[in-house]
Amino acid sequence: MATLRRAQQLVRDAQVAIEEASRVVGESAGPASEARLVAAEAEREELTNRLAEVEHQVGRLMTLYVATYQLHATLDQVEVQSTIAEIALNLVGAEQFVLLLVDDEDQGYEVRLIHGEPDTPWVLSQRYTGGDFLVDSALADGGLRFGPTEQSPALAVVPLRVQDVTVGALVIFKLLAHKPAFVKEDHDLLDLLGAHAASAIFASRVYSKTARKLRTLESLIRLVNKG
Amino acid sequence: MGAQLLGEESVNTVKNRKVLIVEDSRLIHKMYEVMLRPITLVSAFDGRDGLDKLSQSPDVDFIILDINMPRMTGLEFLAQLKATPALAQIPVIIVSTEGKEEDVARGLQNGAAAYLRKPFQREDLLKVVNRIESKQPAA
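Chains U and H, in that order, are what the protein sequence lines are. Each residue of the first sequence is one higher than the one before, counting from 0 in numbering that gives the first Met the number 0. Each residue of the second sequence is one higher than the one before, counting from 0 in numbering that gives the first Met the number 0.
The following block holds chain U by itself, in its conformation from the complex:
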């Protein structure tokens, strides 16, 4: 913010310099004064453009901050999944997407969240057992993938990885009608989502298991005390 205020001050200083140059030109309209005025104008233009770029970056950082903040604002599994969906819809502009999460029991992937009714067969079966090239490769090596390709209808597959373990993936099939394609900012956001959504899901699962064990222990203690 201090940098931003400094940049704004520089633009204001340039404006003052232009006014001063204009005054000088008015008093002695020679070629040298004209050149000074043109140079000051160019400087102001450049500073204004740089300030606009800095403000754009500030906006991007704000978006990334809010996404991270909200993902880690809860330990409730359902709320974490709901936040992932909100990010996909509101910040990325995804219209059709699914969230796959690893099944602790058989290490397969179950469809935990569907948005926008994608008509891909494996989505309807509520379980992913492999077969989509982009999803398979993203789950295998943890790398972000963009499509569609001949072997996959997915526009993007965001693997959710924590400590080198893939806990799931967000698979985006369609963007909102007014969003023709992913933009540069989306890559940062999807990258962040891959890491932070994974750790938020992991933390909420650990918390849920611990809370369940605690309740069991408390019940046992109550029974023992009664006996």
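Note that these hints are calculated values from the structure, not bench results. Each hint can be trusted.
Calculated lysine-lysine pairs in the DSS-like style (CA-CA distance at most 30 Å, straight line):
| id | chain 1 | residue 1 | chain 2 | residue 2 |
| --- | --- | --- | --- | --- |
| 1 | H | Lys52 | H | Lys14 |
| 2 | U | Lys183 | U | Lys173 |
| 3 | H | Lys134 | H | Lys29 |
| 4 | H | Lys99 | U | Lys173 |
| 5 | U | Lys183 | H | Lys99 |
| 6 | U | Lys178 | H | Lys126 |
| 7 | H | Lys17 | H | Lys126 |
| 8 | H | Lys126 | U | Lys173 |
| 9 | H | Lys52 | H | Lys134 |
| 10 | H | Lys29 | H | Lys17 |
| 11 | H | Lys81 | H | Lys29 |
| 12 | H | Lys17 | H | Lys134 |
| 13 | U | Lys173 | H | Lys29 |
| 14 | U | Lys178 | H | Lys99 |
| 15 | H | Lys126 | U | Lys183 |
| 16 | H | Lys134 | H | Lys14 |
| 17 | H | Lys52 | H | Lys126 |
| 18 | H | Lys126 | H | Lys81 |
| 19 | H | Lys29 | U | Lys178 |
| 20 | H | Lys81 | H | Lys14 |
| 21 | H | Lys52 | H | Lys81 |
| 22 | U | Lys183 | H | Lys29 |
| 23 | H | Lys99 | H | Lys126 |
| 24 | U | Lys225 | U | Lys212 |
| 25 | H | Lys14 | H | Lys126 |
Rough simulated footprint, nothing fancy, chain H against chain U, three-plus residues with beta-carbon under 8 Å:
| id | stretch |
| --- | --- |
| 26 | 73 to 86 |
| 27 | 173 to 184 |
Which chain U residues face chain H? A few, computed with CB under 7 Å, are given here:
| id | residue |
| --- | --- |
| 28 | Gly58 |
| 29 | Met61 |
| 30 | Val65 |
| 31 | Gln69 |
| 32 | Asn89 |
| 33 | Leu90 |
| 34 | Gly92 |
Since this is a predicted model, take the numbers as computed values, not measurements. Virtual Cβ for every residue (Gly too), placed ideally from N, Cα, C.
Given chain U, work out where chain H should sit, using these hints.
Same frame as chain U, now just chain H:
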């Protein structure tokens, strides 16, 4: 003429304003809190909640409204607002994922002052806020 100055400078011009946010996503509430700081925000999570908050704080300067919400949608909220003479003049900015031309036209026909499609950049939001603000009497 180069790029228009937005950001801090434009937020500072509206910092004494009070804005009602009617939006069911906590994520987007947080986004407004960060992007519009230091403007005072009143938060509501659906249309009905928005009307309740308006009855408690009728002095809001403008409203940022989502469309798809439980209990009462944004368009239902807008209809009720426009039917209440004491509140009808409050400018409403619709911010929604519903971005087809007909959605925008419907929102504006129902009395919204501006329509912004999600996802949005901070500068897009500030441009719309500035446009609304420039039509408002001075704070």
